[in-house]
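Participant: Sequence:
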Amino acid sequence: MRLLERDNTGEFHLTIPDDAAIPPYAILSHTWREDEEVLLKDLADGTGKNKAGYAKIRFCGDQAWRDGLKYFWVDTCCINKSDAAELQHAHNSMFQCIEERMSWVKTRTTTRKEDKVYSLFGIFEVCMPILYGEGEDKAFKRLREEISKDDRYLANLHSTDPRLDKKRIEEAKGGLLVNAYR
1 MRLLERDNTG EFHLTIPDDA AIPPYAILSH TWREDEEVLL KDLADGTGKN
51 KAGYAKIRFC GDQAWRDGLK YFWVDTCCIN KSDAAELQHA HNSMFQCIEE
101 RMSWVKTRTT TRKEDKVYSL FGIFEVCMPI LYGEGEDKAF KRLREEISKD
151 DRYLANLHST DPRLDKKRIE EAKGGLLVNA YR
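Numbering (the UniProt record's numbering), first residue to last: 1 to 182.
Each hint should be verified, as a subset may be incorrect.
Dumping the calculated DSSO-like pairs for lysine-lysine here, alpha-carbon to alpha-carbon at most 27 Å [as the list claims (entries may be wrong)]:
{"id": "1", "residue 1": "K81", "residue 2": "K106"}
{"id": "2", "residue 1": "K41", "residue 2": "K106"}
{"id": "3", "residue 1": "K70", "residue 2": "K106"}
Pair ranges (Cβ atoms, derived) [to be verified]:
{"id": "4", "residue 1": "A55", "residue 2": "K141", "range": "38 to 46 Å"}
{"id": "5", "residue 1": "G133", "residue 2": "D62", "range": "44 to 52 Å"}
{"id": "6", "residue 1": "L131", "residue 2": "N50", "range": "48 to 56 Å"}
{"id": "7", "residue 1": "E34", "residue 2": "E11", "range": "48 to 56 Å"}
Hints were generated in silico from the structure; no laboratory data involved.
Glycine included, each C-beta is placed from N, C-alpha and C at the ideal position.
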């Protein structure tokens with residue numbers, strides 16, 4: 001895993017922490033812009049500062065610092081998408097994260113059974129109808145289906161330039177993602 005580390009001067013650089021001691025870090029949630037994103041190779045060769053996407057990275061680092069965090073993670077420049085093993089590891093980690101989030105409600109007590117599931121909507125950034133009376137199992141099934149819609153798109157991200165992925169996915173899915181990243 002790579003992280004970006006911000007120093008006292010406001011500059012940042014890539015670092016690879018020990019897997020046994022990964023420090024707390026912020027994650028940038030953002031939309032990709034064609035030809036503007038800073039890739040791992042851009043940071044390595046010093047051309048990243050010339051791209052419009054660099055402002056997002058700077059913002060994330062500054063916000064993390066204000067929140068008391070020295071480290072932060074940005075997908076476009078912390079994952080080497082040209083390395084199939086690294087890309088696979090990142091994908092697997094996403095599934096582990098989903099399972100961990102799901103486990104948070106195992107011991108939760110709610111008045112209505114479905115609310116145990118509905119309480120996860122924000123965590124997964126899912127918007128779906130609340131159907132009281134459907135039962136917990138059906139609600140979980142619907143939630144997993146909503147989450148899997150995103151997983152299918154992520155699974156289609158091959159080892160390519162991330163700036164090309166949006167267009168390729170739109171073409172493969174019949175335009176379902178048109179304007180989704182803007």
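Participant: Run every hint past the structure and note whether it holds.
Facilitator: Hints, verified against the model:
no. : hint                   : in the structure
1   : K81 - K106             : violated (35 Å)
2   : K41 - K106             : violated (42 Å)
3   : K70 - K106             : violated (32 Å)
4   : A55 - K141: 38 to 46 Å : holds (41 Å)
5   : G133 - D62: 44 to 52 Å : holds (47 Å)
6   : L131 - N50: 48 to 56 Å : holds (50 Å)
7   : E34 - E11: 48 to 56 Å  : violated (27 Å)
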